[in-house]
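We have chain F; now place chain G onto it with these hints.
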Amino acid sequence: MKTIKSLSILWITLLIISTNSFAQKNNKDIVDFKLKNVDGNFVSLSDYPDAKGFIIVFTCNHCPFAKLYPPRLIDLNNKFKPLGVPLIAISSTDTMMYEEDTYPNLVIKANEEHFNFPYLFDEMQVVAKNFKAQKTPHAYVIWKENNQWVVKYNGAIDDNGMEPEKVTESYVSNAVYELLANQLVKTSETKSIGCQIAFRRK
Amino acid sequence: MRRFFIYLFMHIKLVIILVFFFIAHKPIAQNIQVLKFDALKQCIYNNSDTVYVVNFFASWCKPCIKEIPEFVNFAKGIKNSKIKLVFVSLDSKNDPEKLLKIIQQYSLQNVYLLDETNANNWINKIDKHWSGAIPATLIIKKGKNKKFIVDAISCETLFKFTK
Chain F
1 MKTIKSLSIL WITLLIISTN SFAQKNNKDI VDFKLKNVDG NFVSLSDYPD AKGFIIVFTC
61 NHCPFAKLYP PRLIDLNNKF KPLGVPLIAI SSTDTMMYEE DTYPNLVIKA NEEHFNFPYL
121 FDEMQVVAKN FKAQKTPHAY VIWKENNQWV VKYNGAIDDN GMEPEKVTES YVSNAVYELL
181 ANQLVKTSET KSIGCQIAFR RK
Chain G
1001 MRRFFIYLFM HIKLVIILVF FFIAHKPIAQ NIQVLKFDAL KQCIYNNSDT VYVVNFFASW
1061 CKPCIKEIPE FVNFAKGIKN SKIKLVFVSL DSKNDPEKLL KIIQQYSLQN VYLLDETNAN
1121 NWINKIDKHW SGAIPATLII KKGKNKKFIV DAISCETLFK FTK
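These protein sequence lines are chains F and G, in that order. Take 1 as the starting number for the first sequence in this note's numbering and just add one per residue. Take 1001 as the starting number for the second sequence in this note's numbering and just add one per residue.
Next comes chain F alone, as it looks inside the complex:
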């Protein structure tokens, strides 16, 4: 009787462990997307066959916290695109709430700020949901593993939004350097203030 009891406990534990690890795996897998860029063309991850990874930044025009970052996004793309890790910015804001984030306004913003990376319009908010992006700016570093895109970092771009000159930790940059060196990402998740991406209720 005792052995049956302990065996059943063992099975239940194993079951819990296995379902948990499956859930985690599904959480981290990213599905490729196809979104309209500010230049009128559509962009997918598969358009970059040589990319080792991507820096994906959910951002937008209207959010004052996101407005602090365009120069730093340009720098990140300058630094990492040549190393096979391009940056892609995505706006998933509900345009019913913010006129500033409509497609024509994204085009204007990208031109004004001289974006050197795609700025994609996630009109249906599906990509933000897939990434579980919750605010702007919300950065992700995804990496190619066995032909799958896996999230390796998510959170803040760095540790000081308001004063770029006082940044002591560039989280995204550090994560990409670690991945390029085949190392584990030491800080794989961080938190920062941002504007909520309000998902439209169906």
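The set of hints was computed from the structure by calculation and includes no laboratory data. Heads up, a few of these hints could be off.
Stated by the list, open to error - Cross-link-like lysine-lysine pairs, in silico, BS3-like; alpha carbons within 27 Å at most:
| no. | chain 1 | residue 1 | chain 2 | residue 2 |
| --- | --- | --- | --- | --- |
| 1 | F | Lys67 | G | Lys1098 |
| 2 | F | Lys166 | G | Lys1128 |
| 3 | G | Lys1062 | F | Lys129 |
| 4 | F | Lys132 | G | Lys1066 |
| 5 | G | Lys1098 | F | Lys166 |
| 6 | F | Lys67 | G | Lys1066 |
| 7 | F | Lys132 | G | Lys1147 |
| 8 | F | Lys186 | G | Lys1125 |
| 9 | G | Lys1076 | G | Lys1163 |
| 10 | G | Lys1093 | F | Lys67 |
| 11 | F | Lys67 | G | Lys1101 |
| 12 | F | Lys132 | G | Lys1128 |
| 13 | F | Lys144 | F | Lys34 |
| 14 | F | Lys67 | G | Lys1036 |
| 15 | G | Lys1128 | F | Lys67 |
| 16 | F | Lys152 | G | Lys1128 |
| 17 | F | Lys36 | F | Lys132 |
| 18 | F | Lys132 | G | Lys1062 |
| 19 | F | Lys152 | G | Lys1125 |
| 20 | F | Lys132 | G | Lys1125 |
| 21 | G | Lys1036 | F | Lys166 |
| 22 | F | Lys166 | G | Lys1125 |
| 23 | F | Lys67 | G | Lys1062 |
| 24 | F | Lys166 | G | Lys1041 |
| 25 | F | Lys129 | G | Lys1147 |
| 26 | F | Lys129 | G | Lys1066 |
| 27 | F | Lys166 | G | Lys1093 |
| 28 | F | Lys129 | G | Lys1128 |
| 29 | F | Lys132 | G | Lys1146 |
| 30 | G | Lys1125 | F | Lys129 |
| 31 | G | Lys1128 | F | Lys186 |
Frame of chain F, contents of chain G only:
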């Protein structure tokens, strides 16, 4: 002589404590106090009977400002009760003009400005599932989180969760 020194010492100590208090709670204006996260924690997490409703907002956050009238109505309904409404502004302390205007416009009470540059150091201490998106409202009972809503909130919901 010795007594004199003891008195002197006590006075100096008092002055130091007072100075420290003012440094820790620098008021920018009458209704707003600048503080670090640890000081905020002491204000909202304690064992008293008071229920704390803590609204995290910023003057630059549109949906946050839109929901302020809900909090104003809620504040009217909780007078003489053991519920305390607290606003935590995530604005920059170097640029409080817009915030001061909002405080004045709605006559907000109990406004704290959080003096932290790296949100990664404190967000998890509020709720480890919170990404940092605002508006967000926290309800604390007896030093423990009772409800945390990362979205705009209505006056009715506030009453429901503080009952």
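Structure-based check of each hint:
1. F:Lys67 - G:Lys1098: Satisfied, since the Cα-Cα distance of roughly 17 Å is no more than 27 Å.
2. F:Lys166 - G:Lys1128: holds (26 Å)
3. G:Lys1062 - F:Lys129: Cα-Cα ~22 Å, so holds.
4. F:Lys132 - G:Lys1066: holds (25 Å)
5. G:Lys1098 - F:Lys166: Holds, at roughly 24 Å.
6. F:Lys67 - G:Lys1066: holds (21 Å)
7. F:Lys132 - G:Lys1147: Distance of about 21 Å is within 27 Å: holds.
8. F:Lys186 - G:Lys1125: holds (20 Å)
9. G:Lys1076 - G:Lys1163: holds (15 Å)
10. G:Lys1093 - F:Lys67: Between Lys1093 (chain G) and Lys67 (chain F) the Cα gap is close to 18 Å, so the pair holds against 27 Å.
11. F:Lys67 - G:Lys1101: Judged against 27 Å, a Cα distance of about 22 Å means the pair holds.
12. F:Lys132 - G:Lys1128: Roughly 15 Å between the alpha carbons, so the hint for Lys132 (chain F) and Lys1128 (chain G) holds.
13. F:Lys144 - F:Lys34: Given that 27 Å is the threshold and the Cα spacing comes to 18 Å, the pair holds.
14. F:Lys67 - G:Lys1036: holds (25 Å)
15. G:Lys1128 - F:Lys67: holds (26 Å)
16. F:Lys152 - G:Lys1128: Between Lys152 (chain F) and Lys1128 (chain G) the Cα gap is close to 19 Å, so the pair holds against 27 Å.
17. F:Lys36 - F:Lys132: holds (20 Å)
18. F:Lys132 - G:Lys1062: holds (22 Å)
19. F:Lys152 - G:Lys1125: holds (23 Å)
20. F:Lys132 - G:Lys1125: At roughly 21 Å apart (the allowed maximum being 27 Å), Lys1125 (chain G) and Lys132 (chain F) satisfy the hint.
21. G:Lys1036 - F:Lys166: holds (18 Å)
22. F:Lys166 - G:Lys1125: Holds, at about 23 Å.
23. F:Lys67 - G:Lys1062: holds (14 Å)
24. F:Lys166 - G:Lys1041: holds (25 Å)
25. F:Lys129 - G:Lys1147: holds (24 Å)
26. F:Lys129 - G:Lys1066: holds (25 Å)
27. F:Lys166 - G:Lys1093: Measuring from Cα to Cα gives roughly 16 Å; hence the hint holds.
28. F:Lys129 - G:Lys1128: Holds, because 20 Å separates the two Cα atoms, which is no more than 27 Å.
29. F:Lys132 - G:Lys1146: holds (24 Å)
30. G:Lys1125 - F:Lys129: holds (25 Å)
31. G:Lys1128 - F:Lys186: holds (18 Å)
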